[in-house]
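There are 2 protein chains.
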Amino acid sequence: MARAFPGAYGLLDDAAVISPAAGNELVVKTDTIVASVDFPPETAPDLIARKALRVNLSDLAAKGARPRAYVLDLVLPRTVDEKWIAEFADGLKHDQAEYGVHLIGGDLSSTPGPLTIGVCALGEAPIGRIVRRGGARPDDIIFVTGTIGDAALGLDALQGAFAGLDDDSRRFLLDRYRLPQPRVALGPELIGLATAAIDVSDGLIADLRHICDVSRVDAIVEARSVPLSPAARKVIAADPRRFASALTGGDDYEVLFTAPPDAAERISELARSAVTPIAPIGRITRSLQEDASRVLVLDDAGRAVPLTVEGWTHFGRRSL
Amino acid sequence: MARAFPGAYGLLDDAAVISPAAGNELVVKTDTIVASVDFPPETAPDLIARKALRVNLSDLAAKGARPRAYVLDLVLPRTVDEKWIAEFADGLKHDQAEYGVHLIGGDLSSTPGPLTIGVCALGEAPIGRIVRRGGARPDDIIFVTGTIGDAALGLDALQGAFAGLDDDSRRFLLDRYRLPQPRVALGPELIGLATAAIDVSDGLIADLRHICDVSRVDAIVEARSVPLSPAARKVIAADPRRFASALTGGDDYEVLFTAPPDAAERISELARSAVTPIAPIGRITRSLQEDASRVLVLDDAGRAVPLTVEGWTHFGRRSL
Numbered sequence: 564m565a566r567a568f569p570g571a572y573g574l575l576d577d578a579a580v581i582s583p584a585a586g587n588e589l590v591v592k593t594d595t596i597v598a599s600v601d602f603p604p605e606t607a608p609d610l611i612a613r614k615a616l617r618v619n620l621s622d623l624a625a626k627g628a629r630p631r632a633y634v635l636d637l638v639l640p641r642t643v644d645e646k647w648i649a650e651f652a653d654g655l656k657h658d659q660a661e662y663g664v665h666l667i668g669g670d671l672s673s674t675p676g677p678l679t680i681g682v683c684a685l686g687e688a689p690i691g692r693i694v695r696r697g698g699a700r701p702d703d704i705i706f707v708t709g710t711i712g713d714a715a716l717g718l719d720a721l722q723g724a725f726a727g728l729d730d731d732s733r734r735f736l737l738d739r740y741r742l743p744q745p746r747v748a749l750g751p752e753l754i755g756l757a758t759a760a761i762d763v764s765d766g767l768i769a770d771l772r773h774i775c776d777v778s779r780v781d782a783i784v785e786a787r788s789v790p791l792s793p794a795a796r797k798v799i800a801a802d803p804r805r806f807a808s809a810l811t812g813g814d815d816y817e818v819l820f821t822a823p824p825d826a827a828e829r830i831s832e833l834a835r836s837a838v839t840p841i842a843p844i845g846r847i848t849r850s851l852q853e854d855a856s857r858v859l860v861l862d863d864a865g866r867a868v869p870l871t872v873e874g875w876t877h878f879g880r881r882s883l
Numbered sequence: 564m565a566r567a568f569p570g571a572y573g574l575l576d577d578a579a580v581i582s583p584a585a586g587n588e589l590v591v592k593t594d595t596i597v598a599s600v601d602f603p604p605e606t607a608p609d610l611i612a613r614k615a616l617r618v619n620l621s622d623l624a625a626k627g628a629r630p631r632a633y634v635l636d637l638v639l640p641r642t643v644d645e646k647w648i649a650e651f652a653d654g655l656k657h658d659q660a661e662y663g664v665h666l667i668g669g670d671l672s673s674t675p676g677p678l679t680i681g682v683c684a685l686g687e688a689p690i691g692r693i694v695r696r697g698g699a700r701p702d703d704i705i706f707v708t709g710t711i712g713d714a715a716l717g718l719d720a721l722q723g724a725f726a727g728l729d730d731d732s733r734r735f736l737l738d739r740y741r742l743p744q745p746r747v748a749l750g751p752e753l754i755g756l757a758t759a760a761i762d763v764s765d766g767l768i769a770d771l772r773h774i775c776d777v778s779r780v781d782a783i784v785e786a787r788s789v790p791l792s793p794a795a796r797k798v799i800a801a802d803p804r805r806f807a808s809a810l811t812g813g814d815d816y817e818v819l820f821t822a823p824p825d826a827a828e829r830i831s832e833l834a835r836s837a838v839t840p841i842a843p844i845g846r847i848t849r850s851l852q853e854d855a856s857r858v859l860v861l862d863d864a865g866r867a868v869p870l871t872v873e874g875w876t877h878f879g880r881r882s883l
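From first to last, the protein sequence lines stand for chains A and B. Counting with this note's numbering, you get residues 564 to 883 for the letters of the first sequence. Counting with this note's numbering, you get residues 564 to 883 for the letters of the second sequence.
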């Protein structure tokens, strides 16, 4: 798998080498997923592999970086057998071809605990130009790609919810949970266009709050503008409380970004050319408090939608 | 901790950026350590942190790379508390200052299993010049830095062996197991000098075999030339069978390298200038079999020293 990348030395050496193209710098992102925490342990090995890779490609995309390579830390319980490894490798191979990335190194360890997979992804972007969290300004429009909440509702479905839902809708939601679709093609187009960006992994509202925290601004989201899939609309129509889960549930791996109002037309063109749905969902506003940012979701009557949980955090850390 | 490295963005963003200096390329190495597998779970947090970082710096050194930065994947059981985290961070801070490396990103996950720490280290080296595994040629001399076997004997001591050993020697061996001393200063000096190199982590013989496998050569090691510490000499004098453990035990984190005979004088000078002990321990020879490399350890009478276990492998994979 590493043949196509000379610096990987066929994975026969102790380290790999990589250089950014002229005028570019390397963009580095690492993420680890753990069985029973980040995915159900019975998930098919190829899907685990692809998810481990894709969650990192999603971060690179949100920063405007083009993915090039990755290293893999595979920490395996002794229950894993050769068939599992072969299927896992097939998943990687599939996504390497799909996204044009190369495995250039890794490490294999054993554990008495759950399967744990670390991926450190290396992308590249023009020097000094990646899209940061901190550039959102008052009056910027907030945009998000694709649809929001499918993955969180998919996890609910996996755990037995939505008994009355039709099979196609159920399958759609499950697929959205199991296999993220990182916005790799769109990512590099955001450079020079977006003022701030993040991928939606903790949940739409939590990740918008991450942008607001670093940018020192507030945000208002219009509830009816949040893009929902037909399947999510069905679930929410049957139980309106699920709308809050969609906004806060996480695992969407869409790109949330801000841009000044005069960029709206270029963004419409970009959505067409990159064949990526992009929806405006709200506005950045001036920060009302010095030390805390605020994200409000307003319904059609201008009332705040109550959100009890704002997003996924490890160890109860308040990242919000 | 990330303040000194602009591309880390104060760890407030989703990815970091890094560029190699002009004429250089980035060298990437990843390694994960797991509690109860790679270190005793009761190890002090600062020592765990430093070991996790140092095992990667050791690989970079063996390739001739100068370390620059790293990303950290910390997978924590719920038993870990704030005091533990603070001590762990102190360990990282210490080694960052010692080796001039910067934390530029990371990920925090929870696990129902053991503490698991992944480090991906980024170094740099002149383009196309890192020291590979595959360059050893017949008649090259085999060199190793420092002393061999201390860490393996230290682990034995930790598990209760060597009841009659004096306290100083015991402490020395334990320290060698607990805290690797990667040959970071020496590393870049090997470029243009060593024909092949590897760090000794699986065990002297296993790692020499890794070089021989890729270089398609055999090797002969003179048993009496293998550098041993006074403490290791005491243990082996009391029980000569421990010599085999020293050769195969692993965790030395010394640099094993090969160089042509006419480089011997430059290597002596290098040992003096880098204040690094470097010992010649044997010779590379022509491969006797097409598909398998052979590493022989000979005693003073020219007899092969029997080695039942050649080195550490995960899952019983034959990496030898």
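I should point out that these hints are in silico values taken from the structure, not numbers from a laboratory. Treat the hints with caution; some may be incorrect.
Partner residues are not named here, just some residues of chain A that face chain B (Cβ under 8 Å, in silico) [as the list claims (entries may be wrong)]:
#, residue
1, V580
2, E605
3, T606
4, D609
5, L610
6, V634
7, D636
8, W647
9, H657
10, R696
11, G723
12, E785
13, S788
14, D863
Just so it is clear, CB atoms sit at the ideal spot from N, CA and C, and this is done for glycine as well.
Chain B contact restraint for D609 (chain A) - C-beta distance below 8 Å: With a minimum Cβ separation of about 20 Å from chain B (threshold 8 Å), the hint on D609 (chain A) is violated.
Tell me if R696 (chain A) is really an interface residue toward chain B, meaning its C-beta lies closer than 8 Å to one of theirs. Nearest chain B Cβ about 5 Å off; hint holds.
E605 (chain A) as an interface hint toward chain B, with CB separation required under 8 Å: With a closest approach of 15 Å, the E605 (chain A) hint is violated.
T606 (chain A) as chain B interface residue, shortest Cβ-Cβ below 8 Å: Constraint on T606 (chain A) not satisfied, violated at 16 Å.
Given L610 (chain A) as an interface hint, is the shortest Cβ-Cβ distance to chain B below 8 Å? violated (19 Å)
Double-check G723 (chain A) for me: the hint is only fine if its C-beta lies closer than 8 Å to a C-beta in chain B. At 22 Å from the nearest chain B Cβ, G723 (chain A) fails the 8 Å test, so the hint is violated.
Quick one, is the E785 (chain A) hint okay against chain B at 8 Å, beta carbons? violated (25 Å)
For the hint on D863 (chain A), just tell me whether its beta-carbon gets within less than 8 Å of chain B. violated (33 Å)
How about S788 (chain A): closest beta carbon in chain B under 8 Å, or not? violated (24 Å)
Is the interface hint for V634 (chain A) satisfied, with its Cβ closer than 8 Å to some Cβ of chain B? Because about 4 Å separates V634 (chain A) from the closest Cβ in chain B, which is inside the 8 Å limit, the hint holds.
At a threshold of 8 Å, is the proposed contact between H657 (chain A) and chain B supported by beta-carbon distances? H657 (chain A) check fails; min Cβ-Cβ to chain B is 22 Å, beyond 8 Å.
Would the stated hint for W647 (chain A) survive a check requiring a Cβ distance to chain B of less than 8 Å? Constraint on W647 (chain A) not satisfied, violated at 12 Å.
Comparing the model with each numbered hint stated earlier shows that hints 2, 3, 4, 5, 8, 9, 11, 12, 13, 14 do not hold.
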